[in-house]
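To convert, note that position 102 of the sequence shown is 102 in my numbering; the numbers rise steadily by one, no gaps.
Quick caveat, the hints were computed from the structure, so don't treat them as lab data. For clarity, every value in this text was computed on a predicted model and none was experimentally measured. Be careful, since some hints might not be right.
Straight-line alpha carbon distances no greater than 30 Å define the calculated DSS-like cross-link-like pairs of lysine-lysine that follow [said to hold, decoys possible]:
1) Lys-61 with Lys-91
2) Lys-91 with Lys-169
3) Lys-61 with Lys-11
4) Lys-11 with Lys-91
5) Lys-91 with Lys-159
6) Lys-35 with Lys-11
7) Lys-169 with Lys-184
8) Lys-11 with Lys-169
9) Lys-169 with Lys-159
10) Lys-11 with Lys-159
11) Lys-35 with Lys-70
12) Lys-159 with Lys-184
13) Lys-91 with Lys-35
14) Lys-70 with Lys-91
15) Lys-35 with Lys-61
16) Lys-184 with Lys-11
Label pairs and their calculated CB-CB ranges [claimed, not checked]:
17) Ile-190 with Lys-35: 32 to 42 Å
18) Pro-75 with Ser-30: 18 to 28 Å
19) His-223 with Met-33: 13 to 23 Å
20) Leu-34 with Val-225: 21 to 31 Å
21) Asn-115 with Thr-58: 23 to 33 Å
22) Ser-118 with Asn-213: 20 to 30 Å
23) Val-226 with Leu-143: 44 to 54 Å
Even glycine gets a Cβ: it sits at the ideal position worked out from N, Cα and C.
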Amino acid sequence: SVPAYELMFGKLPLRNLFEDYFDNAGTISSRIMLKPLEDPHVDLVANVSAAGDKASGTEVKGDALFRWQKYLYDPHTFVDVQVSTSEPMLKLRSCAYFPEYRLGAFGTIPLLMGNRLSSEDYAVLGVRYGSENLSIGASFVPLPESAEVPYGAWLVGRKGSLCAGAQYKPLSGNKHPMPYTDPKNWNYAISYGVASTSPLSPSFNFSLELARNTQLIASFYQHLVVQRRDKKPF
Numbered sequence: 001s002v003p004a005y006e007l008m009f010g011k012l013p014l015r016n017l018f019e020d021y022f023d024n025a026g027t028i029s030s031r032i033m034l035k036p037l038e039d040p041h042v043d044l045v046a047n048v049s050a051a052g053d054k055a056s057g058t059e060v061k062g063d064a065l066f067r068w069q070k071y072l073y074d075p076h077t078f079v080d081v082q083v084s085t086s087e088p089m090l091k092l093r094s095c096a097y098f099p100e101y102r103l104g105a106f107g108t109i110p111l112l113m114g115n116r117l118s119s120e121d122y123a124v125l126g127v128r129y130g131s132e133n134l135s136i137g138a139s140f141v142p143l144p145e146s147a148e149v150p151y152g153a154w155l156v157g158r159k160g161s162l163c164a165g166a167q168y169k170p171l172s173g174n175k176h177p178m179p180y181t182d183p184k185n186w187n188y189a190i191s192y193g194v195a196s197t198s199p200l201s202p203s204f205n206f207s208l209e210l211a212r213n214t215q216l217i218a219s220f221y222q223h224l225v226v227q228r229r230d231k232k233p234f
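Modelling step: build the complete structure from the supplied sequences, incorporating the hints.
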């Protein structure tokens, strides 16, 4: 099925690429992943970073993610808990997808947070529909500060290797009386690419996005796979 706006146009893979492999100068980082053989449906990923010299400070930061996935080869139904020491936070996320109806529901609930500045810091819930050529969804804030509904929404269509979509994502603190008519609350994108459902297969994506009616963003994401087959002579 067609993924959501953030996934379809390579925004999340690009962000994760820079977050995972680019660190500030003078920083030492490490990552560990634990996955028990007795139950492959659960895993724990922990990250620890510290300054490489005393001049940069002595603070040690870390975060951990514990995840349970219902189906081994289907990542769309899961529950995870994330904890962080850099920004004191304990967050619960959950997602359920029903392929027979092509419907899904998701939610994010910060259980502990230092400063709750906006309504989305308490909880965000959402629903989505996905087919082979269409993805539509919306997210809601259970306790909104105003009558603004939904909190965010997207519509993405695909025809062959071409994709186009629109995303409604209001700016934080926006006081526009009719936020849907404010062009700064909308993003539009078009892309061409060949995606793959397997990390062992190559894929690429080229996207053009008009963000907030002020920025034109071009991005290219390519995933390469190198495999070698060795044949023993005996």
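We went through each hint and held it up to the structure:
1. Between Lys-61 and Lys-91 the CA atoms are separated by roughly 17 Å; this keeps the pair inside 30 Å, and the hint holds.
2. For the proposed pair Lys-91 and Lys-169, the alpha carbon gap of about 22 Å is at most 30 Å, so the pair holds.
3. A hinted pair counts as satisfied when its Cα atoms are at most 30 Å apart, and Lys-61 with Lys-11 qualifies at roughly 26 Å.
4. The straight-line distance between the Cα atoms of Lys-11 and Lys-91 is roughly 22 Å, inside the 30 Å bound, and the hint therefore holds.
5. At roughly 37 Å between alpha-carbon atoms, Lys-91 and Lys-159 are farther apart than 30 Å, so this suggested pair is violated.
6. With a CA separation close to 27 Å, the supplied pair Lys-35 and Lys-11 stays within the 30 Å bound.
7. For the given pair, Lys-169 sits about 9 Å from Lys-184 by alpha-carbon distance, which is consistent with the 30 Å threshold.
8. Taking the CA atoms of Lys-11 and Lys-169, the gap is about 14 Å. The hint holds against a cut of 30 Å.
9. Straight-line distance between C-alpha atoms of Lys-169 and Lys-159 comes to about 24 Å, which keeps the hinted pair within the 30 Å bound.
10. The straight-line distance between the Cα atoms of Lys-11 and Lys-159 is roughly 20 Å, inside the 30 Å bound, and the hint therefore holds.
11. Distance hint between Lys-35 and Lys-70 is fulfilled; the C-alpha atoms sit about 15 Å from each other, no more than 30 Å.
12. For the given pair, Lys-159 sits about 27 Å from Lys-184 by alpha-carbon distance, which is consistent with the 30 Å threshold.
13. Distance hint between Lys-91 and Lys-35 is fulfilled; the C-alpha atoms sit about 21 Å from each other, no more than 30 Å.
14. Between the alpha carbons of Lys-70 and Lys-91 the distance comes to roughly 19 Å, so the proposed pair stays at or under 30 Å and holds.
15. In summary, the hint linking Lys-35 to Lys-61 is supported, as the alpha carbons are separated by about 23 Å, within the 30 Å threshold.
16. Only pairs whose Cα atoms come within 30 Å are accepted, and Lys-184 paired with Lys-11 is accepted, the gap being roughly 18 Å.
17. Checked against the hint of 32 to 42 Å, the pair Ile-190 and Lys-35 passes, with Cβ atoms roughly 38 Å apart.
18. Distance hint for Pro-75 and Ser-30: a CB-CB separation of about 25 Å, consistent with the stated range 18 to 28 Å.
19. With their beta carbons about 19 Å apart, His-223 and Met-33 fall inside the hinted range of 13 to 23 Å.
20. Here the CB-CB span from Leu-34 to Val-225 is close to 25 Å, well matched to the stated 21 to 31 Å.
21. Checked against the given bound of 23 to 33 Å, the beta carbons of Asn-115 and Thr-58, roughly 24 Å apart, stay inside it.
22. For Ser-118 and Asn-213, the Cβ-Cβ distance of about 22 Å falls inside the hinted range of 20 to 30 Å, so the restraint holds.
23. The hinted range of 44 to 54 Å is satisfied by Val-226 and Leu-143, whose Cβ atoms lie roughly 49 Å apart.
The earlier numbered hint that this structure contradicts is number 5, and it is the only one.
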